[in-house]
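Colleague: Single-letter residue listing:
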Amino acid sequence: MPHSTERKSADRTSVLAAGALSGKDAIACRGITKRFGTVVANDHIDLTVRYGEVLALLGENGSGKTTLMNMLSGIYHPDEGVILVDGQEAVINSPVDAMNMGIGMIYQHFRLVDVFSAMENIVLGTKEKRLRDKELKEKISEICQSFGLEIQPEKRVYEMSVSEKQTVEILKVLYRGTRILILDEPTAVLTPQETQKLFQILRKMKEQGCAIIIITHKLHEVLEISDRVTILRKGKSIDTVETAGTDEKILTELMVGKAVSLEIDRPPVNHKSPILKVVNLTVKKPDGTKAIDNISFEIRKGEILGVAGVAGSGQKELCEAIAGLMKIDKGAILYEQENIIGKTPAEIIRMGISMSFVPEDRLGMGLVASMDMVENMMLKSYGNGRGPFVDRKPARELANRLVEKLGIVTPGIDTPVRLLSGGNVQKVLLGREIESCPNLLITAYPVRGLDINSSYTIYDLLNEQKKKDVAVIFIGEDLDVLLELSDVIMVLCHGKITGFLDARKASKEQVGLYMTGAFSQEVAQ
Amino acid sequence: MDLLIRFVAAAVAAGTPLLYGTLGEIMTEKAGHLNLGVEGMMSVGACAGFLAGYYTDSFALALLAAFGAAAASALIYGVLTVTLMANQNVTGLTLTIFGIGLSNFIGILALGRSESGTLKLPEGITAQMRGAGIPGLRDIPVAGPLLFSYNAFVYIGIVIAVLLFLYFGRTKSGLNLQAVGHNPGAADAAGIQVTRYKYASILIGGGICGIGGAYCAMIINGGVWVSNNVGGLGWIAVALVIFANWKPLNAIGGSLVFGALRILKFYVPKSVLPLPNAFYDMMPFLITALILVVTSMRKKQNLSLPGNLGNHYFREER
Ligand SMILES: Nc1ncnc2c1ncn2[C@@H]1O[C@H](COP(=O)(O)OP(=O)(O)OP(=O)(O)O)[C@@H](O)[C@H]1O
Ligand SMILES: [Mg+2]
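Residue numbers (my numbering), protein chains in the order written: chain A, 1 to 525; chain B, 1 to 318.
These are calculated hints, taken from the structure and not from any lab test. Please note: incorrect hints may appear among the correct ones.
As the list claims (entries may be wrong) - Each computed DSBU-like pair below joins lysine-lysine, with the alpha-carbon atoms no more than 30 Å apart:
1. Lys247/B x Lys155/A
2. Lys301/A x Lys272/A
3. Lys301/A x Lys127/A
4. Lys129/A x Lys120/B
5. Lys277/A x Lys290/A
6. Lys393/A x Lys380/A
7. Lys127/A x Lys270/B
8. Lys380/A x Lys508/A
9. Lys172/B x Lys165/A
10. Lys218/A x Lys277/A
11. Lys120/B x Lys134/A
12. Lys265/B x Lys139/A
13. Lys137/A x Lys206/A
14. Lys155/A x Lys172/B
15. Lys290/A x Lys330/A
16. Lys285/A x Lys197/A
17. Lys247/B x Lys165/A
18. Lys247/B x Lys137/A
19. Lys218/A x Lys127/A
20. Lys270/B x Lys129/A
21. Lys137/A x Lys270/B
22. Lys285/A x Lys258/A
23. Lys172/B x Lys127/A
24. Lys265/B x Lys134/A
25. Lys272/A x Lys127/A
To be verified - Residues of chain B placed beyond 12 Å of chain A at every Cβ, according to the derived structure:
26. Pro141
27. Gln193
28. Pro276
29. Pro306
For each residue, glycine too, the CB sits at the ideal point set by N, CA and C.
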């Protein structure tokens, strides 16, 4: 039995190499419907992907993209409809079935065994007999070469960066002879450079005749990598368009169902006095190296300070230092003239500083997954009420307000947040932080994984706060957005500040150079 | 010297049931399932092994019965926690209560049917078990009594430990099992039959515990049936798993140490060190607590600890 499957997939690869399948339908979904209780996640969806093409799947948060892909990879089973693989009706009951049909999926949240090495993860669960380490390494490096990947086979997954983990995931599917590759938001956590590397690999796979489905919320990526785009809206497949004949505006309209302005406004700053002053701050990581190295900056009321920098340049430590979550090595943090170093996180919150950090894995970011929205709202506010009993009413009102204001897709405010789609979970978190009426709002990567419409809603919300004289520290990845939204851009590189730029005048290239440390201003202490 | 040899031999004898319990629980926990029913499964194994030995007079059949019956009791746990996704702690505790009760109940029934009013294993099987020290080697001075004088249970236990070590460390299937215990979602996506692995490890783990139970019933009390013959050893085994850091070979040393602690009170004269017996009984647990403190102070990732221990897995859940 295992033998026959192996031979089959080997045949397929050779067929692929000849390019014989190119242009033929790899997968065709016909009228796929999936319900979770009362939620219809997928409503009679049609979708086709061919060999030798990249299909982008586009849709707002909660429109059912992940659900649909999970049915192709055997995680869920459709309630209605048929899936054709290579023109034949297929029943995909488990990931094994999907694998045997040559379908491989890279999930929104990686599925790797942390304590295993890259190599062990790659061969995990394959049916052939155990290879010796040397042979295996050769086989892996062969694949790496033909697709332009880089990997350290012995490295354990928990020591890897996100992008390395993704490489392992890709190798995992390539090793199994995958011809149909599904990637669920692979770029959400990658730096632009890493994204380019990934796209190179995808192009190589496409050349070799693979069919690729990619989910991403970044429209410029859709335009860059895909051949066709299928758009989902509220669980229905709306349209499929050729990428060549479309642009960001058309795609957004199809996705949202109405015209959306992709402009960000920038109200002027009226205040002179700083609300927060950071002086010669140094923070060390647990391993003793400096995460933040002697930085000084200030931010005024009603100002948005954009922080740019390659991931891991000290952004996280900066957030946590201000929020009181991290031990400070040297320096001072003055909030309204008062040094807040040594205060507990609770005291700092009470002073009006709110911090929200969306980590790379996007899980565990200050919400309790098994609690519903109301309870998650109360996590931050239950201390306010008097007496030993909690008052749910304000929290319920807040939850309802957020659902309406941010367009959170949820069956109800009593549904555990873990059941919401990735993007919607994030909206719950951000909404709560913004609604706590802070004077200083620190937000890191707030639009990671958010659809374009929600991203703009978030930008508007930040601007609204700005107009209320709230100071905002905005740590972002997308330089275009940073330049459009912020008043001042502070660039971090290896824990040091390489420059302050006036966002109204600076160019993207300039910021990029400061980010790599190629440029550096003498920063006044 | 002689006293020391006797002490070591006694420690081995006291540690052997612990070794089985620990190995069985390691096997179970490697699949990510915390089974607190070790005490219960050992009791079931004790009863089945003893009675099979009593009626058939065959050591092999006694072992088989102990393994099978305990595995069957583990199946209850498996169905509840794997398929029905019940809470593992509650299910395990219940299994303990159930197992002890069932074992005592059947024991009393059997006692009632026997004419003498006691149950004592027949001569044949006693000889098979006792005489199992390795002839020839047994008589070498010092090394003989230290290494080659034990009953068959001891050697079988060590063989199982070595086999488990090889299985976890050297085989593909062992790697798959550990993947299931660490991250069932990843294992599932990689094409591993998660449910099948979980059941297999729970059943085999339960069976191994059962043999440890048989030791309690058949050896400790000189081949005479008494109620509650496992007497809390199952709980110490659960702690020993942590002490052994989920490694089968460590379990051998660990059970020897804990076995020694259990009998220490008989070897330290009260005139030298006037400590109450309860102090010695407390030691295994105190040491486990200390080990826990030490291991959690080390910052490094613990590779042996199954990362997903205690959580159920349902593919469609998120
Ligand atoms: N296992 C589940 N149980 C209950 N509801 C679910 C489950 N999985 C998905 N849903 C619901 O189905 C809908 C679609 O979710 P899905 O994750 O497919 O969205 P998505 O398009 O991937 O969104 P995002 O871009 O935010 O990742 C959501 O409303 C979600 O709450
Ligand atoms: Mg999704």
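Colleague: Out of the numbered hints, which ones does the structure contradict?
Modeller: 3, 4, 7, 8, 10, 11, 12, 19, 20, 21, 22, 24, 25, 27 and 29
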